[in-house]
Amino acid sequence: MNAASETVAPSFAARESFIELTARERARRLLDAGTFRELLGPFDRLTSPWLPLQGIVCQADDGAIIARGSIDGEPAVVAAIESAFQGGSIGEVSGSKIAGALELALRDCERGRTVRPIIVFETGGVRLQEANLGLAVIAEIQAAIVALRRHVPVVGVIAGMVGCFGGMSLAAALCSRLIMTRQGRLGMNGPEVIEQEAGIEELDASDRRRIWQLIGGEQRVASGLADRLVDDDADAIAAAVREAFSAGVPPVHRSEAVGRYLSLLSRIDPDTATPESMRSVFGDRTANSKECE
Amino acid sequence: MEHLTFDYPARSVVSARAHVGVVGSGDLEVLLAPNQAMQARVVVNTSVDGYGHIWKSVLDRFFSRYDGAAQIEINDFGATPGVVALRLAEAVEAVQGTQGMQGESA
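Line by line, the protein sequences give chains A and B. Note that the working numbering gives residue 20 to position 20 of the first sequence, counting from 1, and the numbers run on in steps of one. Note that the working numbering gives residue 1040 to position 40 of the second sequence, counting from 1, and the numbers run on in steps of one.
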């Protein structure tokens, strides 16, 4: 897939923003029309047992929407994270819902019934109030992605505006294909955390232009850490997801190309690195292409 | 966090359930489901303490026009009374939409 590939912007009036949709509507929008069926929905009231102990109001679905349906007629499962609830943070319950959905898809795939998995990332990472339980379940999500991607592409979407950070950024990096918008961001530590820990001289978290130059969707696609840049358009994102499945399982996943990325990293001088230099080095698809293919 | 419970008389049966909203800043989620008894019960879980009298005013006004035997759970993250009223209206509309669809398909 071409690094700079992107769809032509439709007229503004005809475009339905994907970013503005709730996680539930996002899941519905990605599946074939009329096939959305939610699992463990709000009326199942599977809520966090830890938040009320800390005086925090629960959401009835714990901020993770799991939906079965179809994509181009093939069975599919979507795990969509609701960013408005606790910043899309992954708690014991919300994370277990996602891991469980992926593990069930894996079981189906192992029995020869392929299920197409999609994760809609919109998360700051682990839910700090649930600490190790959240971290443990993120590891389960990551293990499930790695096991699943041998059978079927695992497709990730980072639309924004929260983005994808922390342990879940590693989960996103394990996906077979990542679709981002210009508004989406992908990084290990969020800008505020970097400013707080390393000082404002290192990074000014209020400098939005700078932040998006470093970790925005355009930069991530240009440097090959995400695959497809798409406009904030529900139809365009749904189409990109379908194309990602049609393309099949990549011969080598990004996270398997260890030698390639080590050699690219060795070409980066941390003292002089800029968004442009990162692009020119990481976007160089010919570098060590032998290992990549 | 505060938990409040309110009961209101009801005259009509609710035959579908609806979920609207998110527990996000300044917002709330409403879970509206049929109640077995012919009365309405509202359970409010709110992050903001000490506003029971405002909740009562908002719900009194809502139930002056709504008479469904509903079990309503509200999970609130600091929504203003206006937002609460809109979300309640949205939940009722969603239930009526579902009931309407069931009627059409029947």
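Quick caveat, the hints were computed from the structure, so don't treat them as lab data. Certain hints may be false.
To be verified - Here are a few chain B residues that sit away from chain A, every Cβ distance over 12 Å (derived from the structure):
#1 A1010
#2 G1024
#3 S1025
#4 D1027
#5 G1052
#6 F1062
#7 S1064
#8 F1077
#9 G1078
What the hints assert, rightly or not - Output of the computed footprint for chain A on chain B, the stretches with three or more beta carbons under 8 Å from beta carbons of chain A:
#10 1011 to 1023
#11 1066 to 1074
#12 1086 to 1098
Stated by the list, open to error - Some but not every residue of chain B turned toward chain A, in silico, with C-beta under 8 Å:
#13 L1004
#14 D1007
#15 A1033
#16 V1083
Where a beta carbon is used, it is the ideal one built from N, C-alpha and C, also for glycine.
- Query: Are all C-beta atoms of chain A more than 12 Å from that of F1062/B?
  - Reply: Label holds. Min Cβ-Cβ 20 Å, cutoff 12 Å.
- Is the hint on L1004/B kept, meaning its closest Cβ partner in chain A is under 8 Å away? Violated - the Cβ of L1004/B stays beyond 8 Å from chain A, reaching only about 12 Å at its closest.
- Message: Would the hint on D1007/B be counted as holding, given a Cβ-Cβ threshold of 8 Å to chain A?
- Response: 21 Å, violated
- Within the segment 1086 to 1098 of chain B, is the number of residues with a Cβ closer than 8 Å to a Cβ of chain A three or more? violated (count 0)
- Outcome, coverage hint (the segment 1066 to 1074 of chain B, chain A; C-beta under 8 Å; three residues): Check failed, 1 qualifying residues.
- Item | G1078/B and chain A, when compared Cβ to Cβ, separated by more than 12 Å | 9 Å, violated
- Message: Just to make sure I understand the rule, a stretch counts as covered if three or more of its residues have a C-beta closer than 8 Å to a C-beta of the chain. Does the segment 1011 to 1023 of chain B meet that for chain A?
- Response: holds (count 4)
- Query: How about A1033/B: closest beta carbon in chain A under 8 Å, or not?
  - Reply: 7 Å, holds
- Could you check that no beta carbon of chain A comes within 12 Å of the beta carbon of F1077/B? 6 Å, violated
- Query: Just checking, G1024/B versus chain A, shortest CB gap more than 12 Å?
  - Reply: 3 Å, violated
- Query: With 8 Å as the cut and Cβ atoms as the points, is V1083/B at the interface with chain A?
  - Reply: 13 Å, violated
- Query: In terms of Cβ atoms, is chain A entirely out of 12 Å range of A1010/B?
  - Reply: Holds, because the least Cβ-Cβ distance between A1010/B and chain A comes to about 20 Å, which exceeds 12 Å.
Against the hints set out earlier in the document, violations occur for numbers 2, 3, 4, 8, 9, 11, 12, 13, 14 and 16.
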